[in-house]
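*Asks:* Sequences listed follow chains V and S, in order. Those letters in the first sequence? Residues 1 to 117, by my numbering. Those letters in the second sequence? Residues 1 to 112, by my numbering.
Hints in this document: simulated from the structure, not taken from any laboratory. Even for Gly, the Cβ is constructed at its ideal location relative to N, Cα and C. Mixed in with the good hints, there may be bad ones.
Unchecked claim - Simulated restraints on C-beta separations:
1) Glu87(V) x Pro79(S): 35 to 45 Å
2) Cys13(V) x Gly28(S): 35 to 45 Å
3) Phe51(S) x Ile99(V): 12 to 22 Å
To be verified - Far from chain V by the CB rule (all over 12 Å, computed), these chain S residues:
4) Ala17
5) Gly28
6) Phe63
7) His82
8) Ala86
9) Leu100
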Amino acid sequence: GAVVSQHPSWVICKSGTSVKIECRSLDFQATTMFWYRQFPKQSLMLMATSNEGSKATYEQGVEKDKFLINHASLTLSTLTVTSAHPEDSSFYICSASPISGSESEQYFGPGTRLTVT
Amino acid sequence: AQSVTQPDIHITVSEGASLELRCNYSYGATPYLFWYVQSPGQGLQLLLKYFSGDTLVQGIKGFEAEFKRSQSSFNLRKPSVHWSDAAEYFCAVAGGGNKLTFGTGTQLKVEL
Numbered sequence: 001g002a003v004v005s006q007h008p009s010w011v012i013c014k015s016g017t018s019v020k021i022e023c024r025s026l027d028f029q030a031t032t033m034f035w036y037r038q039f040p041k042q043s044l045m046l047m048a049t050s051n052e053g054s055k056a057t058y059e060q061g062v063e064k065d066k067f068l069i070n071h072a073s074l075t076l077s078t079l080t081v082t083s084a085h086p087e088d089s090s091f092y093i094c095s096a097s098p099i100s101g102s103e104s105e106q107y108f109g110p111g112t113r114l115t116v117t
Numbered sequence: 001a002q003s004v005t006q007p008d009i010h011i012t013v014s015e016g017a018s019l020e021l022r023c024n025y026s027y028g029a030t031p032y033l034f035w036y037v038q039s040p041g042q043g044l045q046l047l048l049k050y051f052s053g054d055t056l057v058q059g060i061k062g063f064e065a066e067f068k069r070s071q072s073s074f075n076l077r078k079p080s081v082h083w084s085d086a087a088e089y090f091c092a093v094a095g096g097g098n099k100l101t102f103g104t105g106t107q108l109k110v111e112l
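Hey, can you work out the whole structure from these sequences and the hints?
*Replies:* Structure, rendered in structure tokens:
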């Protein structure tokens, strides 16, 4: 149980285009979903926290107009990287906290590798 | 604000040897602590967590961790390492809003 999927697993896009990444909780409902970014051989940096039906809360330094987050249902959150540039190339990982879970419980997706050319 | 320090960037052990990965945290209240493992190109898998109670926590894959409040530490241990344990290990602490703060990770290499 507690499986989180991400789609796509990897994507290559041209500079200036937008790309959408989906995060789904497959067998549970998630009150909160988190989006992280991970650079090669580095730790995960929290980008934003999203709650179903409300606006996402972005961490300091994260451009909300560039990284659009939509949490349309209790099982789906999307991250759209708008007008992507090569510096946006990274590994993006989402996580989800079950409604019925204990505090701070997060289940992670397998990640999406974004390469902007 | 909370923080996590993993002093060892890389560790190499022989298969069958014991393992200890260090983690020190900084947090004003009673911490919620986690250890995650990440294989190359993959997401994170929870190994174990500490919320309260017994300070020695058992996890999956034969891992355990001990919470020591006096040392602000939450070190991960395994008595006998397997080659499949080679991966990146992250310690994390949960703060307000259930946000996780991760350490910089320790890359484990297992020599056969």
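*Asks:* Each hint should be assessed against the structure and marked as holding or not.
*Replies:* Here's how the hints hold up against the structure:
The hinted window of 35 to 45 Å between Glu87(V) and Pro79(S) holds, with their beta carbons roughly 44 Å apart. One distance hint, 35 to 45 Å for the beta-carbon pair Cys13(V) and Gly28(S), holds here, with the actual separation near 42 Å. Look at Phe51(S) against Ile99(V): about 18 Å separates their beta carbons, and that is inside 12 to 22 Å. The claim that Ala17(S) lies off the interface holds: its Cβ sits roughly 24 Å from the closest Cβ of chain V, which is beyond the 12 Å cut-off.
The claim that Gly28(S) lies off the interface holds: its Cβ sits roughly 16 Å from the closest Cβ of chain V, which is beyond the 12 Å cut-off. Distance check for Phe63(S) against chain V: the nearest CB is about 17 Å away, which clears 12 Å, and the non-interface claim stands. No Cβ of chain V comes within 12 Å of the Cβ of His82(S); the nearest lies about 22 Å off, and the non-interface call holds. No beta-carbon of chain V is positioned within 12 Å of the beta-carbon of Ala86(S); the least distance is around 15 Å.
Non-interface call for Leu100(S) relative to chain V: violated, since the shortest CB-CB distance, roughly 6 Å, does not exceed 12 Å.
Checked against the numbered hints given earlier, this structure breaks only hint 9.
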